[in-house]
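Protein chains in written order, with the numbering used here: chain C, 1 to 127; chain A, 1001 to 1127; chain B, 2001 to 2127; chain E, 3001 to 3127.
In short, the hints are calculated from the structure, not lab data.
Remember, it's a predicted structure, so these values are computed and weren't measured experimentally.
On the chain B side, residues computed to face chain A include the following (Cβ under 10 Å):
{"id": "1", "residue": "Tyr2017"}
{"id": "2", "residue": "Asn2021"}
{"id": "3", "residue": "Val2054"}
{"id": "4", "residue": "Arg2114"}
Where a beta carbon is used, it is the ideal one built from N, C-alpha and C, also for glycine.
There are 4 protein chains.
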Amino acid sequence: MIHRAKYTARGYELDSYGHVNNAVYLNYFEQARWELFRDLKMLDLIYRSGLFLVVVDVHIRYQREIKLFDEIEVATRPKRVDPYLIFEQKMVNLSTGLSVSRATIKTVLVDQQRMPQDIPETLKELY
Amino acid sequence: MIHRAKYTARGYELDSYGHVNNAVYLNYFEQARWELFRDLKMLDLIYRSGLFLVVVDVHIRYQREIKLFDEIEVATRPKRVDPYLIFEQKMVNLSTGLSVSRATIKTVLVDQQRMPQDIPETLKELY
Amino acid sequence: MIHRAKYTARGYELDSYGHVNNAVYLNYFEQARWELFRDLKMLDLIYRSGLFLVVVDVHIRYQREIKLFDEIEVATRPKRVDPYLIFEQKMVNLSTGLSVSRATIKTVLVDQQRMPQDIPETLKELY
Amino acid sequence: MIHRAKYTARGYELDSYGHVNNAVYLNYFEQARWELFRDLKMLDLIYRSGLFLVVVDVHIRYQREIKLFDEIEVATRPKRVDPYLIFEQKMVNLSTGLSVSRATIKTVLVDQQRMPQDIPETLKELY
Chain C
1 MIHRAKYTAR GYELDSYGHV NNAVYLNYFE QARWELFRDL KMLDLIYRSG
51 LFLVVVDVHI RYQREIKLFD EIEVATRPKR VDPYLIFEQK MVNLSTGLSV
101 SRATIKTVLV DQQRMPQDIP ETLKELY
Chain A
1001 MIHRAKYTAR GYELDSYGHV NNAVYLNYFE QARWELFRDL KMLDLIYRSG
1051 LFLVVVDVHI RYQREIKLFD EIEVATRPKR VDPYLIFEQK MVNLSTGLSV
1101 SRATIKTVLV DQQRMPQDIP ETLKELY
Chain B
2001 MIHRAKYTAR GYELDSYGHV NNAVYLNYFE QARWELFRDL KMLDLIYRSG
2051 LFLVVVDVHI RYQREIKLFD EIEVATRPKR VDPYLIFEQK MVNLSTGLSV
2101 SRATIKTVLV DQQRMPQDIP ETLKELY
Chain E
3001 MIHRAKYTAR GYELDSYGHV NNAVYLNYFE QARWELFRDL KMLDLIYRSG
3051 LFLVVVDVHI RYQREIKLFD EIEVATRPKR VDPYLIFEQK MVNLSTGLSV
3101 SRATIKTVLV DQQRMPQDIP ETLKELY
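Can you make the complete structure from the sequences, with help from the hints?
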């Protein structure tokens, strides 16, 4: 499955270069994953399991800058590579149609003691 | 009592005008209150009471801009005005000696149901 | 005139209390003002005038917490009180219909030397 | 050369899990690079060259969580791999002595038209 989410670059997200700061790209990618979990109704499942999804590895390529009010779309494709849940994410500028960034985010489910756990069957719709 | 804390303006805190964004001043003021509670060893007291300190009213005056690497000091004076805990805060640019901002932050302790509670005797050192 | 803008509370905007951090409210209010200027086609006017709109005073009342994925609407009403441009802003939670915050933001146009300037006639549509 | 910078985890940097949000690690790494340039007196050199240092690729490994008031140190080692300026960065929790994160940040100097430029001789102290 591929999940899609849209964002508009905000005034307070610009840095002293006048474009969206590079750490903000990570915010957009993170929010797209939250929305994927919401849309698949998996947020409650995870909460009730007592597990936490933690990010262990992030690789982002920055291809183009994002300017004030640019409309962007983040496409997210989750993939299971035990014990990891990996998210391949692409960000496109809808105004220009051009790719602005790509990311690979590796996550793992941990318990209260921060020990990695298997991905529950209830999350199998994800991949 | 007056509590003092120091910060350095960071590159990613600058906005497209090349100075520290106005929302970041609120971050500095908030962090100064966290450090005040830590230094008075009251963080644990609050955690254990099951209460939360929530901000109900913020008034900030912006007097001067803050630039990259400016050293600033936040002076915080807590004051009890039942049922509120009010923090008078001043921010000074240590490089120039000039005042850059003043804030009055009104907070209240609430329980799990978000109902305001009296300020416990154990926090009396605050004011 | 009253300008309206909508936002959705994001996962990375939550603080350790599990609700939207109080500094983030200031981000929403700021972005609503950026969108007002965009929608009135005044961003370019201001850029070309060589002036900057700076915030000199912020007063926010926090009435209710905002939680993950809450939909909020910010209503902004600009008003001229020479030499200030004042924005009265209200934030409503569209899920509950309840008011969550109110703000009064006082701004002034300054030139390159940070000296306050009169509000140009070209911005008169604002008020 | 290796440059070292210290930070303290702040209250507003915590997310709903109660630890420092993963995007904030990127802020710490970025600020360490700003301080490196300041300490080498290269910020002015870059400004005057009319060039911008832009991030093109970020790889971060998250090894441990960071909690409120943890003291961390970022060690930064710049390296020239034409046309890139690459920063190898490590983050250590000074309270525990343990490594919390590692990052490789690939940057390039671009001109006003966003075209990559050679690294000027004046920046040669960096590597």
